[in-house]
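Going down the list, the sequences are from chains Z and D.
So for the first sequence, the working numbering puts the first residue at 1; every next one is plus one.
So for the second sequence, the working numbering puts the first residue at 1; every next one is plus one.
Don't take each hint at face value.
[Claimed, not checked] In the BS3-like style, the derived pairs of lysine-lysine whose C-alpha atoms are separated by at most 27 Å in a straight line are: (1) Z:155 x Z:191; (2) Z:81 x Z:155; (3) D:358 x Z:155; (4) Z:191 x Z:131; (5) Z:150 x Z:131; (6) D:362 x Z:150; (7) Z:81 x D:358; (8) Z:155 x D:362; (9) Z:150 x D:137.
It should be emphasised that the hints constitute simulated quantities derived from the structure, not laboratory data.
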Amino acid sequence: MSKAPIKLSVQNITLRFGGITALDDVSFDVYEGEILALIGPNGAGKTSCINSIGGFYRPQSGRIFLDGRDITRLPPYQRAKLGLSRTFQNIALYTNATTLDNLMAARHIHMRSSLIGEMIFWGMAQREEIKHRRVVEEIIDFLEMESIRKSIVGKLGYGLRKRVELGRALALEPTVLLLDEPMAGMNVEEKEDMARFILDIHERRGVTIVLIEHDMGLVMDIAQRIVVLDFGRKIAEGTPQEIRTNQAVINAYLGQAE
Amino acid sequence: MSANIRPSGVFDTSYAQEMRINRTRFDQVLSAGFLGVILALPLLARTGPFGIDIVQPGFLGTVERIAIFMIAVQGLNLLVGYTGQITLGQAAFMAVGAYSTAILLRGGVPFVLAPPIAALFSGFVGLIFGLPSLRVKGFYLAMATLAAQFIIPWLLRNPLAPWTNGANPLPVPRADLLGLEISGLTLYYFLIIMCLLAMLAARNIIRTRTGRAFVSIRDNDVAAELLGINVFAYKLRAFFICAVYAGLAGGLLAIEARSISPDRFDLRNSIELLAMLIVGGAGFSQAPIFGVSLLALLRETLIPSLTPSLQEWLPRLLPFIDAVNINAAIAPIIFGVLMIAFLIIEPRGLAYRWEIFKISWKIRPFSY
Numbered sequence: 001m002s003k004a005p006i007k008l009s010v011q012n013i014t015l016r017f018g019g020i021t022a023l024d025d026v027s028f029d030v031y032e033g034e035i036l037a038l039i040g041p042n043g044a045g046k047t048s049c050i051n052s053i054g055g056f057y058r059p060q061s062g063r064i065f066l067d068g069r070d071i072t073r074l075p076p077y078q079r080a081k082l083g084l085s086r087t088f089q090n091i092a093l094y095t096n097a098t099t100l101d102n103l104m105a106a107r108h109i110h111m112r113s114s115l116i117g118e119m120i121f122w123g124m125a126q127r128e129e130i131k132h133r134r135v136v137e138e139i140i141d142f143l144e145m146e147s148i149r150k151s152i153v154g155k156l157g158y159g160l161r162k163r164v165e166l167g168r169a170l171a172l173e174p175t176v177l178l179l180d181e182p183m184a185g186m187n188v189e190e191k192e193d194m195a196r197f198i199l200d201i202h203e204r205r206g207v208t209i210v211l212i213e214h215d216m217g218l219v220m221d222i223a224q225r226i227v228v229l230d231f232g233r234k235i236a237e238g239t240p241q242e243i244r245t246n247q248a249v250i251n252a253y254l255g256q257a258e
Numbered sequence: 001m002s003a004n005i006r007p008s009g010v011f012d013t014s015y016a017q018e019m020r021i022n023r024t025r026f027d028q029v030l031s032a033g034f035l036g037v038i039l040a041l042p043l044l045a046r047t048g049p050f051g052i053d054i055v056q057p058g059f060l061g062t063v064e065r066i067a068i069f070m071i072a073v074q075g076l077n078l079l080v081g082y083t084g085q086i087t088l089g090q091a092a093f094m095a096v097g098a099y100s101t102a103i104l105l106r107g108g109v110p111f112v113l114a115p116p117i118a119a120l121f122s123g124f125v126g127l128i129f130g131l132p133s134l135r136v137k138g139f140y141l142a143m144a145t146l147a148a149q150f151i152i153p154w155l156l157r158n159p160l161a162p163w164t165n166g167a168n169p170l171p172v173p174r175a176d177l178l179g180l181e182i183s184g185l186t187l188y189y190f191l192i193i194m195c196l197l198a199m200l201a202a203r204n205i206i207r208t209r210t211g212r213a214f215v216s217i218r219d220n221d222v223a224a225e226l227l228g229i230n231v232f233a234y235k236l237r238a239f240f241i242c243a244v245y246a247g248l249a250g251g252l253l254a255i256e257a258r259s260i261s262p263d264r265f266d267l268r269n270s271i272e273l274l275a276m277l278i279v280g281g282a283g284f285s286q287a288p289i290f291g292v293s294l295l296a297l298l299r300e301t302l303i304p305s306l307t308p309s310l311q312e313w314l315p316r317l318l319p320f321i322d323a324v325n326i327n328a329a330i331a332p333i334i335f336g337v338l339m340i341a342f343l344i345i346e347p348r349g350l351a352y353r354w355e356i357f358k359i360s361w362k363i364r365p366f367s368y
């Protein structure tokens, strides 16, 4: 695994909100084609870390590299163009639109039609719409969302909405997918479905995945490597086996024995 | 939401079919019928070729102005209804288009070029006043765009007076298109065609990439950024398109009215355009048809026909009312009441009601 090239590299990032240090000199590498889980107790800085990678937070120091390119200063929309895509912990879908529209909106960066062409529509713009509609339909098939294709997202259940958001993140055709608690609040069946989809995405599409998840059993099953954060600091990194027996991690989760 | 409900038995067999504007036979017949009536109107007027006296010639003028204001309101719809930004300067952008068209035509620029150049120029002016949208939203953006509404008419009245005739009306020369004089019947058809093209272009923007980017920004600008949409660039694009539409409408108004003055483009007109949008249903592509038609018909047809009887009866019922003042007060009062009624009863506007009506028609005899 470690022989694969580094896809995403987080180097010494420090993020402060006023007097609170959310991330303190955190560094880790994500190798191409792996599933890396980011775990830690509540408030450890996992989401802050994902937000820094996605560009929604600006760390005070440190650098972030994607494919060897420094993206520390790029706005989120340019990071999306470079192949970074994510889902949110508390779902940020367009709730008044259909599943299909949500996914089509995510095709934005891959579409090439001009404003004039769109105004005329017939010809280029229409061909382009159809081309991207096919791609979106493939994702709908892939995530088994055919029955909710035309449903308003706001009216769907929580588990399905999470799935639509995953679909939207996939429609960007990312090379790195950041998943912020994709299974939070789900029941066991929904979690199993989601785990299956994540493994499928990883296997069939070769997407590198960074995952935040609290369900330890699940993390141990699907992640290839794990990074553990606590109070904004990285306290451990390694394979599930190593993490399971790591004393620092056990202390962070269960408290330290006197 | 509603667009997905169709009568049972109607299926699409290709993506292209599904993207059509009029997807069912009912929609097609309705659109064609509506357009047919509009196109037939001048033929039924006394001034028409057959000399039939069914339609008042004055009513044709009303339809012409509805067509023009529909363009301005559709521009506003793209910015306010779809992108979720706000402008209180739409009338000022119309003024830019109107005066540019007038000055270009007076300078001898061919008729085919004048309105498009004026519209583009208006678009760039709109771009400048859209710049604050980078930093501010909602109420504050409204205030920032209010600047346009005060600066532009002031410029027209004072520093630019040598070209614009100041506060006095500026006559617009009669237009001709490739030797064909644009007046009367040809003007009517010209305006209807321009309106149709503008509505079609707007509808096409809405159903493709740019339109989806607009809606993404309106519904959740953080998620829009995440999808790789350059939010600021697209807000500016919305301001540009909005002002181009306003400029085109202004230019057509100059051609239709043959004379323009700055007081046709003041804050009251900007707010009236917004009122038309809200009554019509912001965020629905049919909003201009409903909003502009309702308010324009009220003002130009219904209120004038009611005024004489009101002037006679109201002072008898309420002795403190002066019959002379009723004329000026009646339109603002009716508009005000209408606006409040819409905001309370149906803030989503007439277009939304129309969608509901169409659905209930399509799924009949069931109620769900």
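These are the hints, each one checked on the structure:
1. For the suggested pair residue 155 (chain Z) and residue 191 (chain Z), the alpha carbons sit about 20 Å apart, so the restraint of at most 27 Å is met.
2. For a cut-off of 27 Å, the pair hint linking residue 81 (chain Z) to residue 155 (chain Z) is broken: about 30 Å separates their Cα positions.
3. Pair hint residue 358 (chain D) plus residue 155 (chain Z) holds up; C-alpha atoms about 21 Å apart against a cutoff of 27 Å.
4. Restraint check for residue 191 (chain Z) and residue 131 (chain Z): the C-alpha separation of about 32 Å exceeds 27 Å, so the hint is violated.
5. For a cut-off of 27 Å, the pair hint linking residue 150 (chain Z) to residue 131 (chain Z) stands: about 18 Å separates their Cα positions.
6. Note on residue 362 (chain D) and residue 150 (chain Z): the hinted pairing holds, with a Cα-Cα distance of about 17 Å set against a maximum of 27 Å.
7. In summary, the hint linking residue 81 (chain Z) to residue 358 (chain D) is not supported, as the alpha carbons are separated by about 40 Å, beyond the 27 Å threshold.
8. Using a Cα cut-off of 27 Å, the hinted pair residue 155 (chain Z) and residue 362 (chain D) holds, with the two alpha carbons roughly 22 Å apart.
9. Proposed proximity of residue 150 (chain Z) and residue 137 (chain D) is contradicted: the alpha carbons are some 31 Å apart, above 27 Å.
Comparing the model with each earlier hint shows violations of hints 2, 4, 7, 9; every other hint is respected.
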